[in-house]
Amino acid sequence: MISPRKSIYAILLPLAVVTLCVMPWIGQKALPWEVITSGTHHTDHSVDALIFWQIRIPRVLLSMLAGMGLSLGGVVFQSIFRNPLATPFTLGIAGGASLGVTVAIFLGIHISLLGISSTAMAALLGALLSIALVYGLARATGKLEPTTMLLTGVAISFFFSSIILLLQYLGDMSDSFRIIHWLMGDLSRANPDSLLQMSPFVISGILITVLLHKELNLLSLNDDLAASYGLQVEKTRMTLFIAVSLMIAGIVTVCGPIGFVGIMVPHVCRLIVGANHRYLIPASLLLGGTFLTLCDTLARSMSASAEVPVGIITALLGGPFFLALLFRKSSV
Amino acid sequence: MDKNKSSTISVENLSYRAKGKLLLRDISLSIPAGERVAIVGANGAGKTTLIRSLLGLIPTEKSSIKLSGEAISSYSRSDIAKLISYVPQQLPENIPFSVIEFIMMSRYARNVGQLTTSSNDPQGESIAMGIIQSLNIEHLTHQAIATLSGGEKQKVNIAAALTQQAPIIILDEPTAHLDPKQRESIQQLLHNLSRETTLITVTHDLNWASLHFDRILGMLKGTIAIDTTSAAFTTAENLQRVFDTTWQIEPHPETGKPMVLPSY
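Chains as they are written, first to last, in my numbering: chain B, 1 to 332; chain U, 333 to 596.
Certain hints may be false.
[As the list claims (entries may be wrong)] Below, computed lysine-lysine pairings styled on DSS-like, alpha-carbon distance capped at 30 Å:
| no. | chain 1 | residue 1 | chain 2 | residue 2 |
| --- | --- | --- | --- | --- |
| 1 | U | Lys351 | U | Lys398 |
| 2 | U | Lys398 | B | Lys235 |
| 3 | B | Lys235 | U | Lys414 |
| 4 | U | Lys353 | U | Lys553 |
| 5 | U | Lys553 | U | Lys398 |
| 6 | U | Lys589 | U | Lys513 |
| 7 | U | Lys351 | B | Lys235 |
| 8 | U | Lys589 | U | Lys553 |
| 9 | U | Lys398 | U | Lys353 |
| 10 | U | Lys398 | U | Lys414 |
| 11 | U | Lys353 | B | Lys235 |
| 12 | U | Lys553 | U | Lys351 |
Calculated directly from the structure, the hints in this document are not laboratory data.
Please take these sequences and the hints and turn them into a complete structure.
Structure (structure tokens):
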């Protein structure tokens, strides 16, 4: 078996670097090499350069960053809730964001503030509402226990889903189409501004998680044992919960709820590097970013007429691959 | 700092209520450094609640528990971890780490706030390796915990507690799930620990308590009904009072210490 360190440096890191370097060149339109040097100035290749610098590069960076955040979110939530099926989406964050967007579309709200669209603001507000509800309700029960928080999140998620369905039922066809399209999750809204909007959420989430990697190991044991080794269990769990929830809120706001990355990538990484967060965090950042970037490249290159939402690709590719891995593991 | 002073536990008028039920009633006791104390009693008598409160794992009245004369509430979690280590009845199910990774986690309190990882705590690693050798589990060092037997897991559990280097070790029925051979090996291991270490264990093994501990606390309905030396504790009357069953007491053939036999 390859050591965790080797797997990261010899496989996952080169894979991510190659993905970052190659994927901007792949798409419906072939681009000449000169676009790298031409910038966006007026040259013979100005349209190509525009596609490269203003569309492809932001999009590849956005998918890399979103994939990193989504898979890291899965790693953290599976550890702090000690549940292999926990993802930030299980806890209602995507549900809250989706509800926010649905309400904004249903009510026809079109206000943009500081360059942020009304759907993005609604998604962020919805996600924040969800985080506040899960935290507040769990706190009200007196104990910030993993099971209580998970069940609260699941209940809120179902509740929000039913409101979304009700609003879709009450809305007209075009509203419903916009809502469904948003719910599929895609990266076609990528541009330098959306990259700037999302980056602070993801970068701060990654930094906090990296700083707390030893604490994550302890939290994945059990609360009494972690506390007896000196960990402030509730405080650490809440810090990670809020930091990661905000990170996911930032991602969902820009990309919509892209499923499956947050559950599949962490499990694949556990199979490759084990459960020690010292290795699991970098591995899931690298593989999550690579996976979503590859899926998105496929999503935008598959059809000339319209893009396939990347959420469909992640589930289509990820599902069978994940099952195959699980069966291979159980048959060894 | 005077080590004896630093590791004294005292409890004054400790009561604890959860979900409307009084689980501990007006408990007072003092455990000096180096003493070996067994806590016995029927299921539901409050033994585990008492040790969880000593570990600061459940909220109790501010000044009812003192470590080296200071209220436990004035200690941070990592300060408590430097004074008391804990061996639960069993390790949690499906710990996804190797033996050495897990044992090194018990060093957390000593490295908290430092940007260190397990590989750059060389002092901790050499302490852990020394303990692993002394418990004869070197062959398990890099194995996944999930693959170990119950007895091996319990040795790892104790190795982690020892690597924590706390002067007090609190154990919750450390041999409850083990077969007789593994039980004896764990009891022997604990028996051979330095006499400077305070051992407080909850157990249902009355002979282990009687033969190898200095003092026995007999708990009944959330109170300490009997608190005396192990020799004085092990009488048919005391056991009848604590467990509401009759027992026969016979002297140990070699040491003459009282042993408990079933009366049927």
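Evaluated hints:
1. U/Lys351 - U/Lys398: The hint holds at about 25 Å.
2. U/Lys398 - B/Lys235: holds, 24 Å
3. B/Lys235 - U/Lys414: The given pair, whose Cα atoms are some 19 Å apart, holds under the 30 Å limit.
4. U/Lys353 - U/Lys553: Between U/Lys353 and U/Lys553 the Cα gap is close to 11 Å, so the pair holds against 30 Å.
5. U/Lys553 - U/Lys398: holds, 23 Å
6. U/Lys589 - U/Lys513: holds, 22 Å
7. U/Lys351 - B/Lys235: Distance of about 23 Å is within 30 Å: holds.
8. U/Lys589 - U/Lys553: Given pair U/Lys589, U/Lys553 holds - Cα atoms ~28 Å apart, limit 30 Å.
9. U/Lys398 - U/Lys353: holds, 24 Å
10. U/Lys398 - U/Lys414: Within the cut-off at roughly 15 Å; holds.
11. U/Lys353 - B/Lys235: Given that 30 Å is the threshold and the Cα spacing comes to 27 Å, the pair holds.
12. U/Lys553 - U/Lys351: Status holds; Cα separation ~16 Å.
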